[in-house]
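Protein chains: 2
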Amino acid sequence: MSSENVVIKDRLSKLRAKMAEYGIDYYMMPTSDFHNSEYSADFFKVREYFCGFDGSNGTLVVGQDFAGMWTDGRYFIQAENQMKGTGVELYKMMNPGVPTIEEYLFQNMKEGQTLGFDGRVVSTSIGEKLEKKLSAKKISLKIDKDLAEEVWTDRPALPCHDMYVLPDELCGKSFGEKLSDVREAMKKVNAKAHLLSKLDDICWLTNIRGNDVECNPVILAYAYITMDKFILFVQDKEVTDEARAYCDKVGIELKDYHEIMSFISGASFDGDVLYDKRNTNFLTYKTLSAKADELKVALVNKKDPTELMKAVKNDTELKNIREVYLRDSAKLTEFIYWVKHNVGKVEMTEYTAAEKLDSMRAELPGFIELSFPTISAYNANAAMAHYEATKDNAAEVKAQGMLLVDSGGTYMGGTTDVTRTIVVGEISDEIKKHYTATVAGMLQMADALFLEGCTGRNLDVYARRPLWDIGIDYNHGTGHGIGYILNVHEGPHSLRWRYAEGVSEAVLEPGMIVSDEPGVYIEGSHGIRIENIIEVVERSENEYGKFLGFDHLTYAPIDLEAIDTRYMKPEHVELLNKYHKMVYDKVSPLIQDEAVKEWLKEATRAI
Amino acid sequence: MSSENVVIKDRLSKLRAKMAEYGIDYYMMPTSDFHNSEYSADFFKVREYFCGFDGSNGTLVVGQDFAGMWTDGRYFIQAENQMKGTGVELYKMMNPGVPTIEEYLFQNMKEGQTLGFDGRVVSTSIGEKLEKKLSAKKISLKIDKDLAEEVWTDRPALPCHDMYVLPDELCGKSFGEKLSDVREAMKKVNAKAHLLSKLDDICWLTNIRGNDVECNPVILAYAYITMDKFILFVQDKEVTDEARAYCDKVGIELKDYHEIMSFISGASFDGDVLYDKRNTNFLTYKTLSAKADELKVALVNKKDPTELMKAVKNDTELKNIREVYLRDSAKLTEFIYWVKHNVGKVEMTEYTAAEKLDSMRAELPGFIELSFPTISAYNANAAMAHYEATKDNAAEVKAQGMLLVDSGGTYMGGTTDVTRTIVVGEISDEIKKHYTATVAGMLQMADALFLEGCTGRNLDVYARRPLWDIGIDYNHGTGHGIGYILNVHEGPHSLRWRYAEGVSEAVLEPGMIVSDEPGVYIEGSHGIRIENIIEVVERSENEYGKFLGFDHLTYAPIDLEAIDTRYMKPEHVELLNKYHKMVYDKVSPLIQDEAVKEWLKEATRAI
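Protein chains in written order, with numbering that gives the first Met the number 0: chain L, 0 to 606; chain W, 0 to 606.
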């Protein structure tokens, strides 16, 4: 029999006592910060604290006689192990017969009971769905209480790091200029005020950066914008003297981060309020909408205007991005050389290889941080979508097969993202076929020529077709937008093909940058992904409109050892040779080591 | 000075007297029948009767001191000529400074006034827009009065032709089977009743056909469906004995077409009512929604379930369609031969050429009618999107340039649609370049291979890319669905690329058929369109899903005299040769005349 986990049981019983105290019958703990960021800091690991499971996705629901944790297929085994002896039941999401949280609560809660959760870590769409479903049973919600606050005594602090200001010359556009654009957009929808909750949008708009979310150079903040005011809600402690002087100068009024809810409750909107429901947490939304009702103004739910402005890079940003990508590509080239020449000779694991690359990147001028934790996956591990090697759990990289490395950095001048699958030894003919088709898809997408008005849905087949032709698909989008000294994933545009009723798309515009990353994932055998970042550029204009295309931003060699021209159309060979010539011409001047340069010449030869 | 048109002026003054009698200040007359059919019968030509303009698009608005007619750029000159001396002002739609009808009425009508129109010939979307805009000025609508009825004494009758019943063996599925499917779909949205207004959907569902709309083998009808009843509203006079016996047998209750509104007003829905707002006219919608309010049931606005069922052809339909398309292709081949061998020798105009083709089609077994009026356009005329040659106004076809012919027939076994652009003499190198790119686009689209889940928006670039590569686009969709012994245009699927927020798309499914018709239109010079109909077929299935592709249904030669391989990729040449081999193999056995057969061999030779 497994022993009891008394630590967790004790925590749960303290939580239940607090629930009783506040009249909460069920308490829900999902996995998110207040801004639905890609990474949550330790402060937000409430679910982990109360059940022991530390995977990246999971929601814990606790009642007086019940505790259940919902997670997806990636984590069934891990969750079962980590929750042993806690009494917490595992609910395997998407498995037949397993209720969703909503269904479970609807079936098990009684009329008149209360569901509690911290409304700041729940998205408005989920909050509204729960509210609607449970209201049929007269169940009420209590969303303004974070019970962990009172139980978790040694809780880590909310992230709070010094903010810093980017010079206008680096941003290409001052805060003042950006703010006028936002105000113009507000006028277009007749909004007198705008509440902005999205961290990278706030940072882009203010030209401020920070370090409050892992790998995202952002500050925890809200912004409130009217025609004559700009209020930034941010933790007092992270405002440096330099930042305060900047804010004074450009007219940013500072208020403490924790004042946001009381500010909204006490606000006096003199007209409609623009907000973006997708980016606004449930408590903020409810507070905002109660206030709007009271003041008899409307809430205008539209995409944050900053989203599109941020996505279309300006000339300064583009110039810096192009340079940063070249330097980053040169560094990756040196890393590929290092892997190929050291595999089988030095001790190398997925983890140490990633460490090597990370340390090489850190040498580059203007390096700030990794843009995401480096993915380093050897052979069959590369077939797992969410594989993460750790120091203690990493495969040895031997002189056989392939190593997939997906990595990037954020620099003063841009944020990068690139994937190469590196041949480190013998590979099968089947792998060559898959590799060649992946490369053909990546190059064919980058070679697209299209009329302005196209979205990623029109073009995605270019990347997939060579794989579809051999009966293979990859279960992820082809591409995402990338921030400028910001998050590695941003919208509104993307390269995806699947249709979903009502999902909005964004037209591709010159100045947008997007990843182009087809792949092949064969369970238990191998995984291949080749990712370049490409820039939307104008090719020509005539009476039919603007014809657009893509320029590569990434220039790193594609492994010719895995290319078999028997699986390529003549135009794919041509595209590869053309690309490789550019790689050598652009990257070799940035490489000091003659041996690497020599190798690169061979690695980029025409085939 | 132009003389007065006393006939029109007299009609307008009688209309104004009636308007005064019914308290209507402005009366609006658009161009539509009660079901928004593609063609309106003479009965519906009210606008033409009151202003003289007979183009295919126009809306007349009459006040006591005002008469204005709104039409689009195709018709400015024609409208001006036809309305001379009538006192009716021309409003040039989309021209700068010209108000829309909605804007005009909002600006010129006074508070408390009444706008009248026949709510049966106005779509619900337009009706609702007018209602919303004008309600701000307290203007009311009177939509249940067709004033033409009382003024237009020699008005043609409402179309009323004998209906007929298709045998179940020809339809592949009986009315009873189709009805169960519809009832299943109703249950899925919790509807107890369903009002169906779309004529081709009603005909598809009942296996009944008629002749009430030009080129559409449909009856004027409404259908009302509950879990135990099926009521067909149709003019008594068109119910033949055979049709009545069929209806009795399969459980179709007949009521007169004109009873529909009073039926709805007197109905007793015992649950929610499914309807499709896109297909329901404004009067029907308002009557239905008033009744639903009264009975406290909801209206469920969803796509008519029949739309998708009708679009996915069953095996019997597909078998018949394939045969019909072969015969139709053979006939078109004979016509192309006739054109090429008679041009410059016999008198030939665009109109007589079309007559020739129409009469040839009429010889085919099971011929019912043309599926649309044949488009026959010579040289520069082919560049005009809506060009229509008439007996008195048709260009002579000389032995120079090209003749574009877009045509089709409805047969007992299918409805066809095909376009070929036929070289009749010398053409320029530029034309060859355009022609070759058009053909490459058509063939490349048909060669698509894609995972189930794709819609036309994912694939449209295949047809356009060869044209985009030479800086050309065509300002229409690439493809539309086609009915089975029904309308030549049907949804829900299509091949189009442009994104519009909220517009719904349909996933391509095996059994759907769709046109593939890229083109080039150079004003004042030439027009090219090549149209095949293609069928969605399953190619393979594996763990990634079903891989789909297209099979051609149309097999008619593509004019090699206009093909220049310098403008083709190797795979385009391969596709053309492969297609031409199939054309010869499939079509030559259907051709009797040895000379034609001989010519076809040469016309489909590998290049």
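Source of the hints: derived by calculation from the structure; they are not laboratory data.
Model, not experiment: these values are computed from the prediction.
Don't take each hint at face value.
Note: identical chains are not told apart, hence a pair may lie in one copy or across any two.
[Stated by the list, open to error] Here are the computed lysine-lysine pairs in the DSBU-like style, where the Cα-Cα straight-line distance is at most 30 Å:
#	residue 1	residue 2
1	K431	K545
2	K568	K431
3	K136	K13
4	K545	K91
Outcome of the hint check:
Within a single copy, K431 and K545 get their C-alpha atoms only as close as 38 Å, which misses the 30 Å cut-off; across copies the closest is 24 Å, which meets it. For the homomeric pair K568 and K431, the shortest alpha-carbon distances inside one copy (15 Å) and between copies (26 Å) are both at most 30 Å. In this assembly of identical chains, the alpha carbons of K136 and K13 lie at most 30 Å apart only when taken from the same copy (28 Å versus 62 Å across copies). In this homomeric assembly, K545 and K91 come within 30 Å of each other (Cα to Cα) only across copies, at 28 Å, whereas the closest approach inside a single copy is 49 Å.
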